[in-house]
Amino acid sequence: GAGVSQSPSNKVTEKGKDVELRCDPISGHTALYWYRQSLGQGLEFLIYFQGNSAPDKSGLPSDRFSAERTGGSVSTLTIQRTQQEDSAVYLCASSLAAGGSYTFGSGTRLTVV
Amino acid sequence: GDSVTQMEGPVTLSEEAFLTINCTYTATGYPSLFWYVQYPGEGLQLLLKATKADDKGSNKGFEATYRKETTSFHLEKGSVQVSDSAVYFCALSDRSGNQFYFGTGTSLTVIP
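Residue numbers (my numbering), protein chains in the order written: chain X, 1 to 113; chain L, 1 to 112.
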């Protein structure tokens, strides 16, 4: 597609429920990143996919968080048993190659109530 | 490890004022440096970048020069407009590209 597409744009969920956030990167972009932006905070790295290599999961805050990328394209970030501190904007970005400029999606605003 | 430190905000300027947002970095090797902008209600957009020392990135009247001797990449604009109101993020990417390191963002509000 023309840009990085994320869905849903907004998600309100009850504490303890699981949520799935989707990212559709720019076609042909081999690198895909997930970041989290909490209110008043900077960007927190979560996970990085590069081609068929094993993902860099070093930023995932707990084992409730997981992500996969199917067919080297679409990625899903899953948060299990959501907590209120998970409330944030989750941003996905892709780049043509490692080290290149990112293109960000508009993000998914997650609110856990 | 690699990191980026940028000027804390918020910054409030009158229209046509001069803008500087400071950014310094710590990195091993030779990173690429970026400024991203996030307008209200939107995602982050690349504003400008520089990939080697002494490079100057520029876009929409904004400029930043990659200064290796001072490990800085300060963002400047000679005359800001109301439409420049946004949050600005300084970032670096190491050569491996495994991840970007972002500053905490600087909120800019330009008043008429």
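Note that these hints are calculated values from the structure, not bench results. Every residue gets a Cβ at the ideal spot worked out from N, C-alpha and C, and that includes glycine. Check before you lean on any hint, since a few could be wrong.
[Stated by the list, open to error] Which residues of chain L face chain X? A partial, calculated answer using Cβ under 7 Å: (1) A17; (2) L46; (3) G105.
Comparing the hints with the structure gives:
1. A17: Violated, because the Cβ-Cβ distance from A17 of chain L to chain X comes to roughly 25 Å (cut-off 7 Å).
2. L46: holds, 5 Å
3. G105: holds, 5 Å
In the structure shown, a violation is registered for the earlier hint numbered 1 alone.
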